[in-house]
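S.K.: As a plain string of letters, each chain reads:
2 protein chains.
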Amino acid sequence: MLENKNQNRTSLSELGEFGLIEHLTKHFNLSHTSTIKAVGDDAAVLQTSDKQTLITTDLLVEGVHFDLSYMPLKHLGYKAVMVNLSDVYAMNGNAEQITVSIAVSNRFPLEALEELYAGIQLACETYKVDLIGGDTTSSTKGMLISVTAIGKAAKEDVVYRNGAKETDLIVVTGDIGAAYLGLQVLEREKQVFQVNPNNQPDLDSYTYIIERQLKPEARKDIPALLKELEVKPTAMIDISDGLSSEVMHICTQSKVGCKIYEDKIPLDPQVIATSEEFNMDSTMIALSGGEDYELLFTVPIADFDKIKGNPNFTVIGHITAQQQGMNLVTRANQEIALQAQGWNAL
Amino acid sequence: MLENKNQNRTSLSELGEFGLIEHLTKHFNLSHTSTIKAVGDDAAVLQTSDKQTLITTDLLVEGVHFDLSYMPLKHLGYKAVMVNLSDVYAMNGNAEQITVSIAVSNRFPLEALEELYAGIQLACETYKVDLIGGDTTSSTKGMLISVTAIGKAAKEDVVYRNGAKETDLIVVTGDIGAAYLGLQVLEREKQVFQVNPNNQPDLDSYTYIIERQLKPEARKDIPALLKELEVKPTAMIDISDGLSSEVMHICTQSKVGCKIYEDKIPLDPQVIATSEEFNMDSTMIALSGGEDYELLFTVPIADFDKIKGNPNFTVIGHITAQQQGMNLVTRANQEIALQAQGWNAL
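From first to last, the protein sequence lines are chains A and B. At position 25 of the first sequence (counting the first as 1) the number is 25 in my numbering, and the numbers step up by one without a gap. At position 245 of the second sequence (counting the first as 1) the number is 245 in my numbering, and the numbers step up by one without a gap.
It is worth saying that the hints were derived from the structure and are not from the lab. Be aware that one or more of the hints could be misleading.
Any copy will do: because identical chains look the same in the list, a pair fits if it lies in one copy or spans two.
To be verified - Result set (PhoX-like, lysine-lysine): computed pairs, CA atoms no more than 25 Å apart in a straight line:
#, residue 1, residue 2
1, LYS155, LYS51
2, LYS155, LYS215
3, LYS190, LYS74
4, LYS26, LYS255
5, LYS26, LYS306
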């Protein structure tokens with residue numbers, strides 16, 4: 001955090017609300033012709049198209065969703081955007097705009113908000129989304145960030161959670177569990193630091209899992225890739241709360257059951273090694289960890305040939321009839337009922 | 001607040017995030033055919049039309065924007081929606097959807113959130129807007145509400161802040177200053193209560209100004225009325241921070257000056273009487289008070305015949321060349337420069 005460094009501190013009250021928003025957003029460029037008017041009026045104005053509009057919003061609260069003692073503000077800004085873009089991609093759409101509102105206590109100087117907005121700007125540039133509005137206000141304690149993302153998809157491309165059918169394959173992108181383990185490493189280092197502030201942590205063997213926690217990337221590439229492969233998922237959701245609860249959302253809303261195969265769950269070697277070090281079960285971490293921001297979707301079995309061998313996709317199971325329940329098939333070939341255990345705050 | 005009453009208290013942790021959102025939103029009806037999918041998926045889905053989309057967002061923080069010791073939760077929910085709808089109407093559009101995110105500490109039981117959502121629901125029904133999404137999370141302190149409103153307007157109907165021209169008339173809807181004075185009365189009663197909790201306040205002579213503070217109404221009727229009168233404002237803004245700073249926003253963005261006539265500013269008799277009681281200048285209150293959620297707009301002088309005599313409108317001045325500055329003409333016919341003194345938090 002900035003408070004640990006010897007930098008200039010400009011009090012927020014020196015700028016006032018209007019000066020602050022202008023100051024923080026003046027370097028943001030717009031990349032969509034659909035953005036007619038961004039920050040600066042009562043409301044932003046977007047040109048409509050023949051596509052449907054997707055809207056999603058998330059709230060991140062200091063002390064609940066993030067800890068600034070190990071989360072740099074620039075990363076926090078980036079992650080706050082990712083969390084929302086991920087929801088748009090999970091509808092099989094493309095995100096085009098965001099609004100960002102923040103509430104901060106007076107312990108934060110202007111320079112801290114500049115760091116936060118640098119991360120938001122990097123996310124906007126990397127993912128080609130336009131910042132079109134927001135609100136900046138004071139809080140009595142801590143920092144809170146509210147982001148709303150606006151996206152587009154052709155009506156025929158939108159994928160809901162409720163379309164999974166019996167015999168459909170269950171597919172996950174990338175690998176999972178890393179973000180949660182990265183958090184465990186960061187929490188441990190924080191405790192070590194509190195005992196001995198001079199200790200220099202050696203985090204070389206945790207780089208991947210820490211990056212997955214501090215700088216997750218939403219899967220903007222997946223809707224485009226699916227289109228290229230001529231695959232339309234029957235249901236899709238992003239993995240924010242852990243594989244188990246996301247699978248259960250799809251099954252419940254689609255009124256189906258499922259079998260997930262433990263040995264198919266894609267894990268990075270660093271996840272396996274760090275799980276062992278922490279004496280935790282890597283399958284449990286993948287099922288309940290969360291914050292991976294990968295996508296989970298179902299496709300008709302007839303599409304198997306189109307996705308097999310693609311390094312982005314892993315088939316982890318299949319959809320069953322609802323009365324068969326939602327089950328994990330263990331390595332020992334035992335079936336146990338899935339449980340929703342997302343660790344996200346309320 | 002609920003804490004003062006002998007009601008049932010259900011801990012929020014008994015429901016969990018998914019149960020909570022479903023519980024709070026299950027009685028909300030949808031009134032727009034453009035709302036394809038509301039709460040319940042990764043993102044809401046809206047059908048597009050040939051109109052432009054308007055997006056606005058506001059954050060309300062306990063202890064900064066509201067005080068639950070005199071703001072009932074149902075009113076707070078209603079007001080949080082009004083604040084955002086007002087911004088859509090200020091673009092000359094119609095609001096169709098909202099998202100609502102809340103962060104609450106564990107001092108709030110489920111019944112408190114039900115009260116809050118009852119106010120949100122009343123606003124949705126009265127103003128015909130659909131609740132399409134949101135987020136519910138815990139906070140380490142207090143309550144925070146983030147609302148985003150989505151509206152529509154034909155491209156040719158959208159009114160920005162930057163179109164005011166020299167000689168245009170400056171018009172305000174309704175009357176102003178009441179919301180701020182209502183707050184002063186409530187603050188005074190709070191202090192009286194703290195000294196003597198058995199004191200029964202007599203608020204009969206303040207009913208209008210207190211209602212303007214606790215239950216403001218956004219001017220949904222004005223865009224429709226303007227259309228009926230065949231008047232398109234050259235610039236428009238809503239009065240959230242006080243007349244003075246709103247006039248200055250229009251002038252600055254339109255690169256013009258203005259003259260506002262003190263004796264034209266529309267004040268309710270209760271505002272005049274209560275100002276005298278509080279030994280405050282009613283013009284200052286109108287200029288700097290805020291939270292009235294009336295609309296301020298400019299129209300070509302040729303449109304004067306279309307608006308004169310309409311009880312919704314008061315012409316309070318006119319636009320001048322930029323070099324003439326932004327001035328108030330007092331009752332004594334003196335010109336003094338306007339100053340932005342909105343009392344809203346940072």
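S.K.: Now, for every hint given, state plainly whether the structure supports it.
M.R.: Consistency of the hints with the structure:
1. LYS155 / LYS51: both (6 Å within a copy, 17 Å between copies)
2. LYS155 / LYS215: neither (31 Å within a copy, 39 Å between copies)
3. LYS190 / LYS74: within (19 Å within a copy, 42 Å between copies)
4. LYS26 / LYS255: For LYS26 and LYS255, only the inter-copy Cα distance (19 Å) is at most 25 Å; the intra-copy one is 48 Å.
5. LYS26 / LYS306: neither (45 Å within a copy, 40 Å between copies)
The structure fails to meet hints 2 and 5 from the earlier list, while all remaining hints are met.
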